[in-house]
Amino acid sequence: RKEVEQDPGPFNVPEGATVAFNCTYSNSASQSFFWYRQDCRKEPKLLMSVYSSGNEDGRFTAQLNRASQYISLLIRDSKLSDSATYLCVVKVVHPSGTYKYIFGTGTRLKVLA
Amino acid sequence: EAQVTQNPRYLITVTGKKLTVTCSQNMNHEYMSWYRQDPGLGLRQIYYSMNVEVTDKGDVPEGYKVSRKEKRNFPLILESPSPNQTSLYFCASSLAGGGYTFGSGTRLTVV
Numbered sequence: 001r002k003e004v005e006q007d008p009g010p011f012n013v014p015e016g017a018t019v020a021f022n023c024t025y026s027n028s029a030s031q032s033f034f035w036y037r038q039d040c041r042k043e044p045k046l047l048m049s050v051y052s053s054g055n056e057d058g059r060f061t062a063q064l065n066r067a068s069q070y071i072s073l074l075i076r077d078s079k080l081s082d083s084a085t086y087l088c089v090v091k092v093v094h095p096s097g098t099y100k101y102i103f104g105t106g107t108r109l110k111v112l113a
Numbered sequence: 001e002a003q004v005t006q007n008p009r010y011l012i013t014v015t016g017k018k019l020t021v022t023c024s025q026n027m028n029h030e031y032m033s034w035y036r037q038d039p040g041l042g043l044r045q046i047y048y049s050m051n052v053e054v055t056d057k058g059d060v061p062e063g064y065k066v067s068r069k070e071k072r073n074f075p076l077i078l079e080s081p082s083p084n085q086t087s088l089y090f091c092a093s094s095l096a097g098g099g100y101t102f103g104s105g106t107r108l109t110v111v
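Residue numbers (this note's numbering), protein chains in the order written: chain A, 1 to 113; chain B, 1 to 111.
Simulated from the structure, these hints should not be mistaken for lab results. We put the beta carbon where it would ideally sit given N, CA and C, even for glycine. Careful: at least some of the hints might be erroneous.
A partial selection of chain B residues facing chain A, derived with a Cβ cut-off under 7 Å [unchecked claim]: (1) G42; (2) L43; (3) F90; (4) G105.
Given these sequences and hints, build the entire structure.
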């Protein structure tokens with residue numbers, strides 16, 4: 001089982017739609033959570049961190065459920081420019097103090113005119 | 001401008017010819033890492049470094065070496081590249097606890 005799992009999609013949605021992605025993680029030592037956006041053949045870019053209380057940035061809302069070990073990303077009023085792959089990232093801290101970031105394989109979103 | 005700079009952006013090389021991909025960041029980040037990205041497999045960590053002279057293996061370290069002699073630089077070395085190392089490579093850096101800033105990527109083809 002992968003440490004971070006995402007539905008690969010693609011999610012094809014019309015402009016203006018609301019779309020939600022989920023991501024599950026298996027390591028209980030996961031401490032920090034992020035959503036990244038990656039356009040084709042480009043580098044991933046940080047979209048938002050995910051906080052325990054949930055957080056919003058414009059049309060984007062991120063939620064964390066530690067009990068069920070999943071995080072979600074909600075995009076409201078989708079724009080054509082939102083078409084991209086969305087990567088879920090989890091930071092796992094080891095007892096030694098070292099840490100690593102683990103990426104999901106991404107969910108592809110295509111917003112249609 | 002705060003950034004991670006990778007070079008080269010594109011590289012075609014032959015099997016067995018040693019190569020180095022450079023990575024430099026200007027944000028004074030402690031943590032740096034190398035990833036490779038392959039279709040269907042996502043981003044897989046090759047090596048990471050928590051600070052100067054501290055490096056550790058990621059999930060797919062075989063065939064790669066790294067060094068961290070200065071905080072800003074974290075080169076990736078392929079001593080004897082093979083075709084299965086053809087991939088898109090990303091360098092990234094972060095402050096402890098923060099998210100990553102990625103370089104623009106290096107597309108490597110080994111023939």
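Against the structure, the hints:
1. G42: This hint holds: B/G42 lies near chain A, its Cβ roughly 4 Å from the closest one there, short of 7 Å.
2. L43: Since the shortest Cβ distance to chain A is 4 Å, the answer is holds.
3. F90: Holds - the Cβ of B/F90 comes within 7 Å of chain A, reaching about 6 Å at its closest.
4. G105: 5 Å, holds
When held up to the earlier numbered hints, the structure conflicts with none and fits them all.
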